[in-house]
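Enquirer: Listed below are the residues making up each chain.
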Amino acid sequence: MKSLSLYQEKNTLIHKFDPISKLFYIVAAIAIPIIIPTKTMALFCLAVSVALLLLGRVFGRVIPIISFSFFVLLSIIVVQGLFYYGNSTPIFHAGPLAFYKEGLTYALHICIRVVNILCAFAILILTTRPSDLIESLVRRGLSPRIGYVLSSVLQIIPQMSSTMDTITDAQRSRGMETEGKLLTRIKSFFPLIGPVVMNSLINTKERAMALEVRGFNSKAQKTFLNEEFNPPYNLFVKLFLAASIVFAAAWRIFI
Amino acid sequence: MKKIIVENLRYRYPLTKELALKDISFEVEKGEFVSIIGRNSAGKSTLCQALTGLIPYFYHGAYGGRVIVDGIEVGKADISQLVSKVGIVFQNPFTQVTGSKLTVYEEIAFGLENMGVSRDEMRKRIDYSLKLLDIYRFRDRNPFELSGGQMQRMAIASIIAMRPEIIVLDEPTSQLDPQGSEEVFKAIRSLSKEGMTIILVEHKIEKVAKYSNRVMLLYDGELVDFDVPHKVFSRDDLGDYGVEPPAFTQICKGLNIKDKETGLYPITLEEAYDLVVKADE
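Protein chains in written order, with my numbering: chain F, 1 to 255; chain L, 256 to 536.
Take these hints with a grain of salt, some might be off.
[What the hints assert, rightly or not] Calculated pairs, PhoX-like style, for lysine-lysine (alpha carbon to alpha carbon, straight line, at most 25 Å):
no., chain 1, residue 1, chain 2, residue 2
1, F, Lys-101, F, Lys-39
2, L, Lys-272, L, Lys-257
3, L, Lys-515, L, Lys-441
4, F, Lys-222, L, Lys-379
5, L, Lys-513, L, Lys-462
6, L, Lys-257, L, Lys-441
7, F, Lys-219, L, Lys-508
8, F, Lys-205, L, Lys-508
9, F, Lys-205, F, Lys-10
10, L, Lys-448, L, Lys-465
11, L, Lys-340, F, Lys-205
12, L, Lys-513, L, Lys-533
13, L, Lys-272, L, Lys-340
14, L, Lys-462, F, Lys-219
15, L, Lys-257, L, Lys-379
16, L, Lys-340, F, Lys-222
17, L, Lys-379, L, Lys-448
18, L, Lys-465, L, Lys-386
19, L, Lys-533, L, Lys-465
20, F, Lys-205, L, Lys-272
21, L, Lys-331, F, Lys-219
22, F, Lys-16, F, Lys-219
23, L, Lys-486, L, Lys-257
Hints listed in this document are in silico derivations from the structure and should not be mistaken for laboratory results. These figures come from a predicted structure and were not determined experimentally.
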């Protein structure tokens, strides 16, 4: 059964940190390069994120994520290289357009920040089970309803996709063309999507009843099957990250 | 001690003209194993939903009469209050998977977490229900990776773990093979012997005959009969209501082999055998 989760099961120090510490890290990795907007700081934060990914043995998995955003990063470089307001030193000319050094430098600064943010999120996503993250948030006051929606979506969407495959096979077995030209595919789309949507609506109603009879709306104080693994070093990590943000802000104000 | 009291229950689904349940009244004692039989659209599933409060909470429609479950009147109490008293297992096990848990063990814990059951108690109950339904070996598997039958057992285990006073099961063995069905029936009977009240909708008549204390026959939303299995299955007009008696009962009816004292036909192989032996003597 496929799941939308990108979690990588590994036994590393990074995997052992609690999800909230990783959320703190995301906040710090975004905030610090903004508070201290130097290239050195952006590179330093990126280096820390990459080091954490390597430590978590998930660096290989982050490359496709960065590649996915490649076109966005490329467009930033092109636009800034051509049109950045401080452009003055051309690097090369392409017909009537000139590509400038200042724009490229600024664009690279933005790209480092973006890649750093992606890496920071990747640390959380690749080294934390979604259910652990949601459970941690519910323990800290997130509504169990929102928690349920977030966690169920990861499994129910692949289930809908599996239903879609079943219905596609059923329609094909009755002679429906589902592959080939674009027009053929468009024609087959509606007879396929109709049963999928209807089926999902019926399942949703039944699932809502099943949740209800399992106390989903119970007013009792919710308990948790698993004890929260929260060794003291998690508190240290959170305090360290919070202090880093405060220190960065103080640096910006006073120095 | 009466666990369920139903008085003049009438119900009509929204946007329909026909009543799905017509003036139904009955009572069920604590620890009874009651099976509901009847042809399709007889009102069996509707009655199950009325007993668990899903009607009128989920299905609004026109509702009349009273359903009292373990002293709580359905419709007047909050459904979360009813959850600790009555649990239901639906026909389709797939829709009973919450979709938010990654293992069978966690899936069964879902209801217990919502009810605020302590961690130690939770583990005891989960282990018990997994072993009772013979799915302990699947405890670390993703619920969506189970077969239909295994998923159905997990759905039953999820409700059993919540320890309600009453369990309503709507065709719980529809996706199970004969051996799996037998095991589930045995598990349900053991719960009944422990004092849990069981309401079961089932088409497997042989199993109904073998395990039930009483059988309720529904037809087009009306309660036709509610009696011990021998009496219900000995009715000559059973076929008129779209229900066939167990095979052994049919054979004995054909051969006119019945208990001379009660005038009722046997409903299990053992009973039929005893009567044939007696007749030979």
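Enquirer: May I ask which of the numbered hints given earlier this structure violates, with the numbers listed in increasing order?
Expert: 2, 3, 7, 8, 9, 13, 14, 15 and 22
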